[in-house]
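Novice: Put together the whole structure using the sequences plus the hints.
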Amino acid sequence: MNTSTLERAIDRIRQGPAGPAVGAFFDYDGTLIDGYSVLAYYGDRLRKLELGLDEMAELARQGLRRRLSDDEFDALIREGVLEWAGRPEAEVEALWLRLFRERIADNQFPEAWQLVQAHKRMGHTVAIASSATRYQIAPLAREWDIEHVLCTEVVVRKQHLTGAVLGQPAWGQGKADAVAAFARRAGVKLRQSYAYANGDEDVAFLRKVGHPSAVNPKPELARIAQQARWPVLSFAARRIPSLETITRSAWTYGAMAGSFAAGLAYAVLGGGKRRAVDLTVSLGSELALAAAGIDIEVRGEENLWRQRPAIFVFNHQSKLDLLLMAKLVRRGVTGVAKKEVAKVPGIGAFMRMADVAFVDRGNRQATDTALEPVLEMLRKGLSLAMAPEGTRSLSPKLGPFKKGAFHLAMQAGVPIVPVVIRNAGACMARGDQVLHAGTVQVVVLPPIPVEGWRVDTLDEHVAMVRQKFLDTLADWPDGQARATQRAPTRRRSAAPPGLRSAEQSAAKSAAKPIAKPTAKPIAKPTAKPIAKPVAKPVAKPVAKSTTRPSANSSMRSGGRS
Numbered sequence: 001m002n003t004s005t006l007e008r009a010i011d012r013i014r015q016g017p018a019g020p021a022v023g024a025f026f027d028y029d030g031t032l033i034d035g036y037s038v039l040a041y042y043g044d045r046l047r048k049l050e051l052g053l054d055e056m057a058e059l060a061r062q063g064l065r066r067r068l069s070d071d072e073f074d075a076l077i078r079e080g081v082l083e084w085a086g087r088p089e090a091e092v093e094a095l096w097l098r099l100f101r102e103r104i105a106d107n108q109f110p111e112a113w114q115l116v117q118a119h120k121r122m123g124h125t126v127a128i129a130s131s132a133t134r135y136q137i138a139p140l141a142r143e144w145d146i147e148h149v150l151c152t153e154v155v156v157r158k159q160h161l162t163g164a165v166l167g168q169p170a171w172g173q174g175k176a177d178a179v180a181a182f183a184r185r186a187g188v189k190l191r192q193s194y195a196y197a198n199g200d201e202d203v204a205f206l207r208k209v210g211h212p213s214a215v216n217p218k219p220e221l222a223r224i225a226q227q228a229r230w231p232v233l234s235f236a237a238r239r240i241p242s243l244e245t246i247t248r249s250a251w252t253y254g255a256m257a258g259s260f261a262a263g264l265a266y267a268v269l270g271g272g273k274r275r276a277v278d279l280t281v282s283l284g285s286e287l288a289l290a291a292a293g294i295d296i297e298v299r300g301e302e303n304l305w306r307q308r309p310a311i312f313v314f315n316h317q318s319k320l321d322l323l324l325m326a327k328l329v330r331r332g333v334t335g336v337a338k339k340e341v342a343k344v345p346g347i348g349a350f351m352r353m354a355d356v357a358f359v360d361r362g363n364r365q366a367t368d369t370a371l372e373p374v375l376e377m378l379r380k381g382l383s384l385a386m387a388p389e390g391t392r393s394l395s396p397k398l399g400p401f402k403k404g405a406f407h408l409a410m411q412a413g414v415p416i417v418p419v420v421i422r423n424a425g426a427c428m429a430r431g432d433q434v435l436h437a438g439t440v441q442v443v444v445l446p447p448i449p450v451e452g453w454r455v456d457t458l459d460e461h462v463a464m465v466r467q468k469f470l471d472t473l474a475d476w477p478d479g480q481a482r483a484t485q486r487a488p489t490r491r492r493s494a495a496p497p498g499l500r501s502a503e504q505s506a507a508k509s510a511a512k513p514i515a516k517p518t519a520k521p522i523a524k525p526t527a528k529p530i531a532k533p534v535a536k537p538v539a540k541p542v543a544k545s546t547t548r549p550s551a552n553s554s555m556r557s558g559g560r561s
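So for the sequence shown, the working numbering puts the first residue at 1; every next one is plus one.
None of these hints come from the bench; they were simulated from the model. Cβ coordinates follow ideal geometry from the N, Cα and C atoms, glycine included. Watch out, some of these pointers could steer you wrong.
[Said to hold, decoys possible] The following label-pair restraints were derived from C-beta to C-beta distances:
#, residue 1, residue 2, range
1, Ala290, Arg157, 54 to 62 Å
2, Asp360, Ala204, 51 to 59 Å
3, Ala290, Leu243, 29 to 37 Å
4, Gly167, Arg223, 25 to 33 Å
[What the hints assert, rightly or not] Here are the simulated DMTMM-like cross-link-like pairs (lysine to aspartate or glutamate), alpha carbons at most 25 Å apart as the crow flies:
#, residue 1, residue 2
5, Lys397, Asp355
6, Lys189, Asp11
7, Lys402, Asp355
8, Lys338, Glu102
9, Lys403, Asp471
Specialist: So, in structure tokens, the structure goes:
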């Protein structure tokens, strides 16, 4: 997506009214994620050889159909949900949580994340409104801290799906009605509110609000958006890389391999290990990023050199962070990596030459032992680059900080330098193997001295540093968080009485094993490539009741949202 177009959309949000009376409603499939979440389900079954030829043929037939009417979609969902009768709810929750982590998370639109965060900073009431089931949506809603989910609900009794749909599916007019009902209960003024969607069936939903936007719109929606002069947002594809992207990525890996080989040869020929490492880090990162078509826009670059040695801490979104930090820090630096990386051909050998510490995340004692040489190198003048989150996050959301880097800084007496990376995931998502051209934005904050820090107050210091990351990301690039007119209030869910919250459901199910589906999923609904998951939210669950919506209503229909 053109950055200026996204910034204009965010500026419109900032210039509008603040507070929870303003709603921001986001479609799910095709709007928050690229494609349809149900494809992850069918792909999982196909890999396990659980998808029969008859079922694949039916899915193909459904995919070639014209767009479904509300009645057709309703019938398709209800027919499909019957096949899930008797399935444990916890099993379904665990299934979709796994699919999100393994497949769907990589398809999140970073542009949509920025829009959601802009609305949250304004204190708006943010909700996902989708024809998909709650179980498909809940993992992303939790990851993005979105409280309200309006979806197609299915009935659950005694922790098992009954095979019935609860109320009206959140599709077409059903989604528009669900949003209107939620707004009445939550005190949201629709004329001041925003909505984002991509499907032709979402016109009624978009017309419910004063500020609609079409996201990667289907043909009919694009035509209506043009006539109505609605903003049109085009998010960059996440699932299928272009030929140019694949070619550039091949060049990038070639440049990295060549640089590693040159560095190793330089060291063997007597150029010196550290000089070889510095040459490889600076030249290799420059060549690799140029081949990928990735630029870095840096603010506060002087802070990279103001005080060395130092510990550079950065937020970790993708494998691209290695190249970004190499280009930024350039020389006199080592790092920390998980022990598995040591076995990767080429890069493992180079990292060993660069005195990188390989740690076993599951063994605290072994990790402490592995970091002892790093402490000695810090004392001798070598800097350290380290991700305090410890692992790549599932989204641009900043994870909790571990304390290892901060302990090392205290023991070595070197400052902490926060390196805040804004959008590396847009160029290379968490599970991507290819790199997408673009510009990564970085802010390097001033060095933070650790003199006077104590072990008993370390949690406070870590929280302070993490807050600097949060503030910078929230109000880029200066980190001066804008105050909203009124803080958002916590509301009860708009779900039918007695429904258990998605958070409670997922927490219980996450630890349970995932059983294989016993029934065939439901054929997908319309002429989309295998339509989005079917269930559309009707309201977010919160209350408690004996009948609750079930998760799989959308699987068969393909769940377009």
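Novice: Determine for every hint whether it applies to the structure shown.
Specialist: Here's how the hints hold up against the structure:
1. Roughly 60 Å separates the CB atoms of Ala290 and Arg157, a value that falls within the hinted 54 to 62 Å.
2. Between Asp360 and Ala204 the CB atoms are about 54 Å apart, so this pair conforms to the stated range of 51 to 59 Å.
3. Taking 29 to 37 Å as the suggested C-beta distance range, the pair Ala290 and Leu243 does not conform, at roughly 19 Å.
4. Taken as a hint, the range 25 to 33 Å holds for the pair Gly167 and Arg223, whose Cβ atoms sit roughly 31 Å apart.
5. For the hint linking Lys397 to Asp355, the alpha-carbon distance of about 30 Å lies beyond 25 Å, and the restraint is violated.
6. A distance of roughly 20 Å separates the Cα atoms of Lys189 and Asp11; the hinted pair therefore holds under the 25 Å criterion.
7. Of the supplied pair hints, the one linking Lys402 and Asp355 holds, its CA atoms being roughly 21 Å apart against a limit of 25 Å.
8. For the proposed pair Lys338 and Glu102, the alpha carbon gap of about 19 Å is at most 25 Å, so the pair holds.
9. For the hint linking Lys403 to Asp471, the alpha-carbon distance of about 20 Å falls within 25 Å, and the restraint holds.
Checked against the numbered hints above, the structure breaks hints 3, 5 and satisfies the rest.
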